[in-house]
Structure formats: C-alpha cells, structure tokens
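Participant: Residues per chain are reported as follows:
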Amino acid sequence: MTALPAPTADQIWVWIKAWLVIHTPAPFQALVSIVCIVAAIIVVFASLFALTVLLERKGLGRIQNRYGPNRVGPCGILQPIADAVKSLTKEDIVPRSADHVVHYLAPLVLVAASFLAYAVLPIGRNMTAVNLDAGVLFFFAIGAASELAVFMAGWSSRNKYSLLGAMRAIAQMVSYEVPLILSSIAVVMIAGTLSTSAIVHEQARTTHGIAHWYAFTPWGLAGFILFMIAATAVTNRSPFDLPEGESEIIAGYFIEYSGFKFALFFLAEYLEMFAVSGLGITLFLGGWSSPVSFLAWIPSWIWFFAKLLVLICCFIWVRGTLPRLRMDQLMNFAWKFMLPMTLFVILSAGIWRFLPVTVAGSAALGAVVRWLVCALVVLLPYGTLARTLESGRKIEKREYRFAD
Amino acid sequence: MSVAELERLVAAGEDGLGDILEVSMGPHHPSTHGVFRMDVRLEGEKVVRLKPVFGYLHRNHEKIAEHGAYLAAIPYTDRLDYLNSMTNNWGYVLAVEKLAGIPVPERAEYIRVIVAELTRFQNHAGLVGFLLQDMGASGTPLMYAFREREKILDLFESLSGARMMCNYLRFGGLRVDCTAAWLDEVRQLVAGLPRFVDEFEALLRENEILMARTQGVGVLSRELAINAGVTGPMLRASSVNYDIRKVDPYGVYGRFDFRVPLGDHGDVYDRYMMRILEMRESLKILEQALRGIPEGPIMDPKTRLRGLRPKAGEAYGRIEAPKGELGFYLISDGSGNPYRYRVRPPSMINLTILEDMCLGRNVADVVVILGSVDIVLGEVDR
Amino acid sequence: MRTTVPFLILAVLTLAGGVAAMTLRRLVHCALALTVSFAGLAALYLNLGAEFAGLAQLLVYVGAIAILIVFAILLTRGGDDKAEPSFSPAGPAGAVLALAVFAVLAWAVETSGLAHPAAIPAAPPEPMRALGFALMQRYVLPLEVIGLMLTAAMIGAVILALREKRPQTPESPRSAAP
Amino acid sequence: MSALPTVEDLKAQIEASLPGAAVTVIPNGSPSAQHSLLLDHEHARAVALFLRDHPDLRLDFCSLVTGVDWLDTETTEKIKVKKMVAGPDGSEIEQEVEETRKMKVPGYLEAIYHLFSMEKKHGPVILRLRTANRTDQTHVPSLTPVWRSCEFQEREAFDLYGIVFDGHPDLRRILMWEGFQDFPMRKDYVPPADDSLAPLPFASLQRASTKEARP
Amino acid sequence: MADDLKELKIELSKNGIFTTTLEELYNWGRKNSVWPLTFGLACCAIEMIATTMARYDLARFGAEVFRPSPRQADLIIVSGTVTKKMAPQVVRLYNQMPEPKYVIAMGACAISGGPFRDGYNVLRGIDRYIPVDVHIPGCPPRPEALIHAFMTLQKKIDEQALRGESRPRHLHADAPSEFPVPEFGAHGLEPAQNDEVFLNETGNPLRVIQ
Amino acid sequence: MFGEGILQGLYETAKNFFGSYVEKDRLVTVQFPEERRDLPEATRQFPFLLYDGNDPEAGLRCVSCQICEKECPPQCIHIEKSKDKKPDFVGKPQFYPAVFNIDVSTCMSCQICVEVCPFDAIRMDNEFELSTSNRFAGLLYTKRELAKSNDYYRKIHPTEAAECDERRDKEAEAAKAKAAAAAVAAAKAAQAAEQQTPPAASTPAASASSAANGAAPKPAEQPAEKKPVTQ
Amino acid sequence: MNIPQHPWWTVIALLLGAVAFGITPLALAWLWAKVFSPQKPGAEKNATYECGLESKGDAWIQFGASYYLYAIVFLVFDVEAVFLLPFAVAFTSLSAGACLSMLVFLVLLAEGLVWACQKGMLTWA
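Taken in order, these protein sequences are the chains called A, B, C, D, E, F and G. Quick note on my numbering: the first sequence kicks off at 1 and runs consecutively. Quick note on my numbering: the second sequence kicks off at 1001 and runs consecutively. Quick note on my numbering: the third sequence kicks off at 2001 and runs consecutively. Quick note on my numbering: the fourth sequence kicks off at 3001 and runs consecutively. Quick note on my numbering: the fifth sequence kicks off at 4001 and runs consecutively. Quick note on my numbering: the sixth sequence kicks off at 5001 and runs consecutively. Quick note on my numbering: the seventh sequence kicks off at 6001 and runs consecutively.
Each hint should be verified, as a subset may be incorrect.
[Claimed, not checked] Below, computed lysine to aspartate or glutamate pairings styled on DMTMM-like, alpha-carbon distance capped at 20 Å: (1) 5155(F) <-> 5055(F); (2) 4155(E) <-> 5034(F); (3) 4155(E) <-> 4024(E); (4) 5015(F) <-> 1199(B).
[What the hints assert, rightly or not] Far from chain C, by Cβ distances over 10 Å, these chain A residues were calculated: (5) 84; (6) 108; (7) 211; (8) 336; (9) 394.
[What the hints assert, rightly or not] Stretch by stretch, here's where chain G covers chain E in the computed footprint (C-beta under 8 Å, at least three residues): (10) 4069 to 4075; (11) 4173 to 4180.
By construction, these hints were calculated from the structure, which means they are not laboratory data. Beta carbons are placed, not taken as given, at the ideal position from N, Cα and C, and that holds for glycine.
Kindly produce the complete structure, drawing on both the sequences and the hints.
Facilitator: In structure tokens:
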C-alpha cells in the first residue's frame, strides 16, 4: 500500500477500507480487504432490505389512505427487527412428504445467488467489489442459480400449489431473462465492454455539463424501460408476481416454508430486486455518476443509493396500483413483445453508432437526426407490436347500452 | 436408458398433455370469498373440471327461522348476505307483508329505497374491490372501496345502531324513523360519491392489464344465463333486461327514473362494468328519493310485530338485491312461526354455471370468474 | 500449489457431481447433482482464467440446460419416479462409449499444441474484445452456421411440440378415469 | 308484466295440450293469493316443458325450488257406525253408534317450483310435486333437465329433506357432508344427543333446538 | 393475573438478567409481528377485513401481513360461524401452523355458536377443539373491538415467561402442538369435543350435559 | 392499448400517496385506541339493565316479566323471577329478577329485547372493548355487571333517554296524581271524579305495545293531562 | 494493493459470506428451538397443506409439454446471447460488414421466432 486515497466524502468508504488494510499485518491484508468488502455488501444490503420492507409497507399504506406500521419504535422503524426476532423464534416445519435436503438447500442457494450478484455492482467511484472484465455476464450467469433455487423450493415442498408456483416461476424467469440480457447487450455494444465499472465510467463523461447516461439516448431509454419491465418479471414483483400469486396459488413456491427459511425467501426476493435495479442503474442510469456536472459534488455512493431508492419506490408504486397478469398473457408479453422490442433496441443502438455525429456540419442537427432516427426504429415496432399483441382477442374500451 | 423406456417416453410425448392435477381450491383459500371450495382438475394450469363444493357455512338459517317468531327472523336475515343486511331485511319483510297483507306507509318505503340503494352501492364498490384483489391488485382498489363503504356504514350505524347487522326494517315499516339531520348527511354523501366512482374508474377502467384479464373471460351466454336462473348484474351483463325493480316493482321503485345497464358480451369485464354503472344509477335513485321523501309515520300503529300470526297460506316475495333476485318463500300454518321459511339465495343459484364458465380456462381466470359472480357464503350456504 | 489446490477441489467437486448424477435415486436429485457438476466445470474454466467460457458455461448450462433437464424430468415422469438400478443393460455399453470418448479427447489434447505449456500464447489484453473480433472476422461463417443450427433446433422443437398439440376436449378421456 | 292466465286457465290449457296430465289447483288462502298447480309425476316434465316453451307463457326462469315436509297427521272424526250390539234383551240388534276413528293421513314431502318469465316478464306460476310418503317413496321427477337453475336447489332439497329427484344429473349432498345420514330440515329431525347446548353457563338455556315444530 | 406477574418476576430474578432481556426481546418481537392467517369464515370476516382497511388500519401494529399459508402465520382469527362441516378444516389449519401460534375467536359464533348455535350443523364454539387465546364478543364485533382484542393478545404475549412452569404451552416440550381433527360422523362430529382443550377456568374438562 | 390506462392508474395512486400528506380525505385512518370516533347515539352492542337512583338492586327497573327472554332470537337471556315483590317507580309492587344473566358470547346485538321491553328496563350499551381470554366467566354478564344507572343511559343515548325519562315522569306523575286523586276521592268522591281523566295510555301494557311497534314516538298522541300539583 | 489478489477470491468470500448469512440465522433458530421452544412435529402438522383439507394424490405428476417448449426456445436465445456478447464488446471497432453478418445471425433467429409465433406455439396452452 503506497498511499491512502484522499479521505473525501466521495471516497470515505474506500479510504476507511484502505486505512484498515494498511494497519493490518501484511499476511492478512488481503484477507482484511476481502472481509471488509464482503461484510460491507452483506450489512448494507441486508439493512437496505429491512428498510425497503418498511418503506414498502408504509408506502403502500400511504397509497391506500392509511398510515402503515407506525407503532413499533419511533414511526415503526423497529418493525423489521420485530419481524426478524419473530421469524428467528418461529418453529420450522418441513412437510413429511417433502424432499428434506432440497427443501433445506433451496433458500440458501437463493440467498447466496442473490448476494453474489452484488460482486460486480459499482456502488460508488472505486467501489466495485470485483472488477471483472465480464461483469455483466457474471451477473446474468449468477442469476441462473436463482431459477434453480426457486424450482428446488417449489418441487421439494411436494405441494400442488408450490409446484404450480415453481413451474410458473421458472417459465417466467426463463422467458424474461432473454429480454433482460438482450436489452443490456445494447449498452455493451455502445460501451464496448462487459465490465460494469467501465460502463459507468463511460457514462460519467459529460458534454455541456450533461452526463452521457445511456438512458438519455432513444435506444437507451427504451432499453431501460424494457430492462426494468424484465427486471420486475425476473424478480417476481407485481404485476408479474404470478409465482406467488396469492389469490390463485396461495403463496406459490414457498407455501410450505415457515420460520426463518421463509424470511430468507423474502430477503432473497428483495435482494434480487436491488441487484437487478442496481444493474439497471449501472447500465442505463450512469451508475454512481451524477446526471449534471454541477451536482457532481454529491458523493458517488449517495448517487447510487438515491437512484436505487427511486427505483425501489417505483416498484412499490407499481405494486400498489396494478393487478396481476395471467400466465399466458405474461408469456405472450415476453415472447411477442419484449423479445422483439429488445431486438429492435439492439438494432437502434447499432444504427446510433453508424449515424454521423454531425449532419451538414452542425452537431445540433446531427444530434436531432440521430435522435429521431433511432427513436423511430424503436417507436414504430412498439406501435405495431402493441397493436398486435392481443391480436387473437380483441381488447377494447366498451360502450354500454341502457334499458329504461 | 433402455429402448423400452425410450418408447415409453415417446408414447408419453405423443400423449403430450401431462397428468391431471387434482387440486381443491378452498375452503381456505384467499380468493374464494369465504369458505367456498372448488374441486378443480388441472392440466398444466388449464381447468378441465370444476366442481363447486359448499356447505361450509351452512348454519341452518332456515331451520332456526322456522323455530322462531316472525319478528325473530329479521336479525337472522341480516346475516344471510352479510354485506347487505338492509336488502335482506327488505326481502323478508316484503314476503311477510305479502303473506299477512300488511300495508307500509310511504315514508317508510322511501327510507327503504334510500337504505337499499346505499347498500347496493357499498356492495358493488366492495365487489369491484374484491374482484381486483383477486386479480392481484394488492389491496389498493379494495381499500378505496372500503373507504367509501365506511362512510355508508357510518350512516347505517347512526340510523340503525349497527354497522353491518342493521336489523332495521320491520314488516309494515321500519324500526325507527330517520332524522332530518341524517337525511342531510345522506345528501352530502350522495353528492360526494360520484367523485369516488370517477376515481375508481380512472384507477382501473381502462387499465390494459385489467382489460386483458377480464375481457372474453368467463363468457356466459344469454340463453344459458336465463335457463340457469342467473339473476342480478350477472344476468344483465349477458344482455338480459331483467331487473325486478322494473319488472315487478316493489316499494316505490315505480316512481323513480333510472336505467338498467346491459352488457353485450357476458364476460367478466361486462360484469365488472355493470357494477360500476349500477353504482351510478343507484346514486340517481338516491337523489330522487332524497328529494321526494315525504313526512309521515313509518309504521301503521295497528301492525302487530310481536306475536304475528298470519292466516294459513303462503307467499313468495322477491326483491332485486345487489347480487340478484333475493326471494323469501313463507308458508304459514296460522301459528306464530313460519311453517316453511325458504330463502332464494341469488349467489348460490348464480354459482350453478360456474363450471361452464371456467372450463378450459386458467386457474387465474377461475378466481376472477368466481369474483365476478359475487358470492357471499352466508347466502350460498345459509 | 496456487493453481493446483483449487483445481483439485474443483475437479473433485465436478466429479462428485457427476457421480452423484449417475447414482442418486431420485431423478430430480440427479439433475441437481448434474448442475453442481456443470457449475464445477464452469469454476474450472474460471480457474484457468477463461472468464468468458466459464461464465457462458454457467449461463447456458446451469441457467438453461439444467432447467431443460428438470422440465424434461417433470414432463415425462413426474418427480417421484426412482431411477433404475445403476446397472441397466445399457450400462456397460455406456461405459465403453464413455471410455472411447475419453480416449479420443485425450488423444486430441496430447497431439495438439495445448499439451505443452510453452505453446500457450499469452492471453490478449482484452480477451472479450479479441474474441469478438475473432468471431466476427475469422469465424463469421461458423457463426452463421450456428445461427442456422439454432434456428433449426428451435423449428425442430416446435414441430415436435406441434404434433402433441391436438384438439383438446374439456374432459379428456384420461381424466374421466378415476 | 304481461298478463298471465289464472291458475284455472293454466290447468285447462295444460290438460288440453297434454292429454292425461293430472293437474290440481292448490289454493292459497293468504292475501298474496299465489295459487299453485300440483302435477302428477308422469307428466311433470312434459308440463314443465310446455310451460317453458309455450309462446304465450315462456316461463323460462325457474326462480325457486324448495322442499317442504308435511308430517303424518292424525285426524279424528266421529262417524256413525251401524253395529250389532247386545240388546237389552240379550239379542243382537243393529244400532247406530257414534265412534271416533283415528285416521292416519300419511305425510309427504313436497317440491315447489316458482316459475317466472324473463321474456314476458310475468310470473309467478307455482308448481308442486308431492312424494307418496315421507319414508320409502320419496321420489319425484327432476326438473333440472328443463331448467338448469334447479340443479343446486334440487340437490339441496335432497340433502335436507331427502326428496329423491329422478333424472337429476348429479344428485349428491350439497350442504352437509357425504356420509351424513339424516335429513335435518324435516320437521321430526332430532339432533344427536351429545349436541346439547351445554356447557353453557346456565342450564335452563336448553332451548327448543330439539323440540318439535309448534302446532 | 397479579399472581402470574409476581411469579414471573420471581422467575425472572432467578434466571438472571440474561434471560430477562432475552425474554423481553422474544416477547417484544412476537407481539409486534403477529401475522394473521388469511382466513375468514363468515360475517365477522368482513369486519376483520374492514379492520385492515384504511379507516382502522391494523397495519399500524405490524399485523397487516396476512399470510395465506398457515406455515407463515402466527395468528388464526376464527372470524365467524364454525360449522361442523368446516370444523375439521379449521383444526387442521391450526395444526399446520408453526409454534408459537395464537387463536382469536372473533364474534359470538366462533365463541359459542352464537345466534346460530341451535343449528344442527353449527359447532358451539371453536374452543371445543383448539385452545383460544382471546374471545371477542359481538355479532360481529366492531373493527375497534378486534383491534382491542389484538392488543389484549399482545398484552398476553408480553406477559408470557420464557422459563419456569408458567411458561406458555408452546415452550413445554410435552404439551401438544396439534390437536386431533374431528371426523365426520353419520349424525355429527366425532368426537363432539376435545376434553384436553375444552376446559373451564379451573382447568377441568367441561363435560357435555346429556 | 399503449399503456395509457396503466399510467392513468399510476397517476391516481400517486395522487393518493401525496394527498395522504395534505388532505384529510386521503388519510382516513383513525388511530384507535388513541383516537376514537364518536359513536353515533344509536350504536348498540350489548344490552344492559337500567336502574333508577343510586342502588342498582333496589332501583332496577326490570320486573322480571320475561318477555325479552322469550323474544330473544338467540335465546341468550336467562331470568329467574324473585319470590317477593318490591315497589317500582310508581310504587306498584312488582317482581324483580333474582337472576338476570346475559350470555354475551351468544348475543347478536339485535336490540329486540329493547324493543319488546314494556318497562324501559333494558337498553343497549355501546361498550365494545370486551375482549377477554376468559371464555365462561368473562362473557356471562350477571345482574351485577348488567345494571347501569340512568345517568349512564343519559350519557350514551341522550335523545332516547330524554324521551324515555319524559314518558316515565309523566307516568309517575300520572300515577301520583291517580294516587292523590284516589286519596282525594276517598274524601270527596263525587267532585274529584269529574276532574280527573284516568291516564289509560300510560299504563305499562300500553307502552309495551308502543315499544313493540317499532318504538314509534308517540308522547304527542297521549291525551293531554292536567298537570296536578306535585311536590 | 501490493498483494496480488485474484478477484475470484472476493467472489468466493462473498459466496461464503452469503451462505453464512443464510445459515447463521437458521442455526440460531435451531439453537433457540433446542434451548427454549422445542420442535413439535406431528402427523397433522407436517402433512402437506392443501386449503385445510387432507391432500389427495401426489403433487409430483407429469406436467404438460408447454413448459418444455419455452425452455428450448429460451436455451436457443441464451446461446444466441452468448454469441452476441463478444460481438457487442467488439462492436464499436467492427466494420459495417461484420455488423451485417451479425444482423443476419439475428434475423435468422428472429425468423425462427416469428415462424413459431405464427404456428401459435408461443401461445400458452
């Protein structure tokens, strides 16, 4: 260790870690460094989970004209702790006919997979746990494990509803993983790298004080929206929460889980949501960078978490509003709308690169032309696909007649 | 893998449909609206058979009523369709009035209309909320519906003393008169309710997910609806113009100007919209009733409540309850308690065609279709 | 040591997964064990510094193939069927086949330059980018062929499935039987 | 509401169109004046179809089906019987003696159908079907094939009264569980002994849950 | 109640501060995170739903997490008439809940059969088969009454000891955690009650008066 | 079809979310138990027995006529008549309930007992915080728990109580007048008989029918009485 | 850092940490059950939940084929994505011709998808 980074607000966590590392004996420095990273990720995101659960319950409450939990501790902030204590001391039931080993492993696999995804998320400047060259690919590869975990949970419970839930879950996750990957490929194309830190650095550049976020381009915006829709589906959030569709299959794949194992499912579900939102931020919303240069003084990690919080709020908002889709509609939506749309987003991103930056010597005109063309490449198929999505069944606004 | 095994697999592949999963949905299920059960056979998620099973709330209403006095049955009718005690009361007292030939003062008839239409409004609002809950809308529409329902229940409480089990109507009139202040409160509420219906419609009427989930789902043809004795908004969604308030006007319904909305498709969306449109029509009736309510007694002083002994005979009285035709059939043998007391429960009979609507559809559709039937187990099982 | 200890661990894991996949009695367990084996293989790639290959292995095998296998099991025999005893008549034949494949592979590796460490070229500074260039320039034709094959595979699957799709009566004869 | 013929006219119409059908008018003494028609078993379904499909009647909507239990009744009547009694002189003479005779009128179960028309918007027409007795001959023809709406209600009458509807597609218990053996809505049903109200805090609350119907 | 408290205090001092804090934490966690089972039977269920709705908002107590699966629920609110046809299912659901589990009998019907207790198919109180923690009279009880009952339950939880003989049932290794499910007989449920559960205040089984 | 319906819905919920911070209508929670809504006067929960004066035993209005016991639909009232009699508010000797139990675990709060009571002796309470873990003793209300004073009644049902008090005052006055008249009549029989109209409509039996007839207010219909000099 | 650090050590540590994060509370819960609140399994309690009824028939049944098709199509697109990724990384420096060949690759697959769509195979049964 040659020098500590400057202990600015931006780099405070990096500085603390470095400080800890240089004050440990040399043989343990690597270990301390790793432990720091791992502990930080686990502590931060586990507490974010607690916070989000509370936020969701209170936010839904507000949407529904009520308060939500507000009696446990000041304003109800201790509610998640009470829930944790309760879950810890709850009896653990494993159904007799269940496959005990798989039943036990499923939540662990799910939690492990959810945590692993954070390894490649840059949560601040110089704050990526593992700067892999193929970071984005790593993220998706890890995501594959959660599908299996869900299947393990649903199948091993040997309950009809849980099996239905598991089948739903896999079909859904599998179908939406494709658009999720494809929409991020558009970003990879333009950024020219799979490394998450590099992608963020790419977006942190500014022109005229405005950052180069990919969400500020037509294909990026479309890609972001598609990405977030797919992310909602992959993480089983409303309106894609079919695998645990309470009104139909009771509690879905974790119907037979009790005690803390159930809490782990809950945790993993939220962790996945954070992770995939984090990736969305990294890919499209400039990661830890500020959108305009005059706000660059705000520490990078605050930017990241602020964006994450906004996305979480959107998830809650959507959950508070929309009814759930049906399985066939969900699948149709994935294969007949999302997938073609992401392909067009890739096309649009390709065109974006090949279009000249200046047209007739004017950069402004060039920008406008580029914008329009790329937007059209996305919007036209959107119009047609939206129309033909339900071509088999006519969905329409209706007028009603009255008899006197 | 042996060849025989492979052949077996190929054969299974030819078969291709997979096994039939027999699931019982209910009696404890979040969206069976109580202790209702459907024995469902699923192929994947497709329903290939569905048998409704009920009786889990069969609490012997009819037997108890046959053992009690005519008056004592009124609080029990509250608990039939426990969301709509006022209309249940009305159905019963109408039957008794027919059986014993009891006249009802005009003011009482007006108040009956007011409470019945308020009841209809809150039932429909609640139903729409529950229906969307079944579609997975995480409670928000239900919360809004109950927000308004509470306002109506407050009025019921200050009128009759109870929120749900009003026990308010009496044969020959009402238990207590309403005050002018109460009527003013109703007027105020009725003025505010359209805003709620607007909000409700804005929230979800044109929502693509809702339309996709409900349009073309659970289609009930006109002919089947009539033959199966389906009544209420469900019947009208199948474009049958049959509303007892129009066809066989009871009380003072003949005096009000209102329309009967009709659906053309007979699917869940139409049933959903029937409720919303009927809420608006109810508000119209309420406005007229509140304008036209006369002064006067609410009860003929000659009417005997305690110890009523109608002449031997029988009578069938029916009203348009929020869920359909609610009828009460009474046989008197001249004694102080009915010899036969029978309820025609609309939601039970509307369930007859549940299987017809659900076959070939998805599990998720089943709960939505069931939700659109609008059942209350207290009435189905009695 | 640094390279061999992890290698050994991973190799054992992979092999254990494979053996478990062959011997476990419940088919779903076998599939899960196979997944462990896949994951172990991916980890081996990663251990060798082949980041892309390792992650792609995870993505495709753990993410897709494993799911496919699991589905296949559930589609054909439900979940509870026990696997047959380890030695079916086809067992020895399988063993012979496996040996043959191993022999061919061993021969190929031994005769190629890869067997000799000196021949391994240094990894390019940006392996992914280099891979992309190679794919899009030198191997563009194979790529298109792969595309065609994938399409063909999809069409084949659809055709197979299409045969199974037949008019369905609400009460199929099988469900009528008790 | 379009005009509906009176029950007498209906009876005449039915008997004219369906030769052999025996229809009895059962008058109703209450102010509601809803009189009903008693049908015979053989022609019940034909009559139902006639009522449903007749272009002027179109009673397409069977609103209510219910069972009623009429208990065995004992009527006592005094009749004059000529009897040979011992005369004062020891010989037998014929003499009119007044004698009270107990007549046991067998009870029966009754299924009652209330018909309306959705097309013509009139009603009700009330049909009655009676079983021969309450014990072993409790069959009546089912009208479910004519009106689907009878399906559950006939099942209910079967469940609670034990009326067996011949021709019903799925006659099972509907409200009580399979394996329940009684017909609880019958007037003489007595709940099992262990089913008393106890242990309530005060014993006199033992109400007439087991009591007979009041006369 | 006072005796219980005293006993509790003595017990606490015996076990030292560690148990005390642990017990407090345990009770605090349990009482503030009571997740009810989504389970409604009849009229009272509507008032139960109303309690969770905006006007009354049971969520303030952290109890709006209605879990549809008994595995994840802590509390079963028996809200409405338990019929004989339904009783086995209720008992089974209760059995399938993990410990610690609580029962609120909401409304007259759940307590005693209420107005319907004369019915041939009505169970005269769910406490014949499962132990009930809190009874709420009313037909149906107002939402406020349910909140009050909920607070009563919270208080009850709060007063439970972790150690000692007075500790609640679920902490006793030999106390049953599931109760026999009654069976459908030819005329009624068999048995008509569970003598181990249906006790009077003195802890003696209540016999059915023949 | 392009998602505008979804956006509209999102707008509605957002309006409610932000509205909940500013608008009373969008945050309707009443934070029971700290906040309570005023119960409407008509609210009924369980019956209680009214007594006049300060002594719940002596002032109890119930005369143990057992009409409510008979009419109670769920049969949750249990009355045992006393052997002796005690004078009621008009001084007439009446029976009183030796035992008066109400099983609130069965009561359906239908108010029929109140309707049929000819003596204004039973009324509906609005107390609802009654949850208990004591199944039997906790839910069986005896005479001691049921007896509540007229002041309490005035507090929870002011209008109804005022009406009731007025009626009873009249009855008491009439009875007093009658007694006085009887006393006077004993002295000067002929003169007094002309002046006094017997208050026929105010006998308990008559008010019974009034209560049964839907408690229709009818004091106005009562024959105007000459106010006798009292006190 | 002066110590050579393979990035995968962090990943492995994170994996271990995550598993520990999952196992620790489970162990605590187990400990709690051991010390205070004994596990009480029972015939009824550990039976399969099915809406309050006894579960009839096995849940592990043969499933319909519709799921399988989706898995295959997913596999195809997963593989496609794997080929797309290196292309995407190199995209900025690729010639238009190379991009066109990738377009052909994509179009081939898209065509297959459209064909499957038209055959109605992607309509959930």
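Participant: Would you mind marking each hint as holding or not holding in the structure?
Facilitator: Outcome of the hint check:
The suggested pairing of residue 5155(F) with residue 5055(F) holds, with an alpha-carbon distance near 18 Å, which does not exceed 20 Å. A hinted pair counts as satisfied when its Cα atoms are at most 20 Å apart, and residue 4155(E) with residue 5034(F) qualifies at roughly 17 Å. The straight-line distance between the Cα atoms of residue 4155(E) and residue 4024(E) is roughly 12 Å, inside the 20 Å bound, and the hint therefore holds. Between residue 5015(F) and residue 1199(B) the CA atoms are separated by roughly 10 Å; this keeps the pair inside 20 Å, and the hint holds.
Even its closest Cβ contact with chain C, about 30 Å, leaves residue 84(A) beyond 10 Å, as expected for a residue assigned away from the interface. The Cβ of residue 108(A) sits about 13 Å from the closest Cβ of chain C, beyond the 10 Å cut-off, so the non-interface label holds. The non-interface label for residue 211(A) is consistent with chain C: the shortest C-beta to C-beta separation is roughly 24 Å, beyond 10 Å. The beta carbon of residue 336(A) sits about 15 Å from the closest Cβ of chain C, which is more than 10 Å, so the claim that it is off the interface holds.
With a closest Cβ-Cβ approach of about 23 Å to chain C, residue 394(A) is found to remain outside the 10 Å limit, as its non-interface label requires. Taking a C-beta to C-beta cut-off of 8 Å, the stretch 4069 to 4075 of chain E contributes 3 residues in contact with chain G, enough for the three needed, and the coverage statement holds. By the rule of at least three residues with a Cβ nearer than 8 Å to a Cβ of chain G, the coverage given for the stretch 4173 to 4180 of chain E holds, with 4 such residues.
When each numbered hint is compared with the structure, no violation occurs for any of them.
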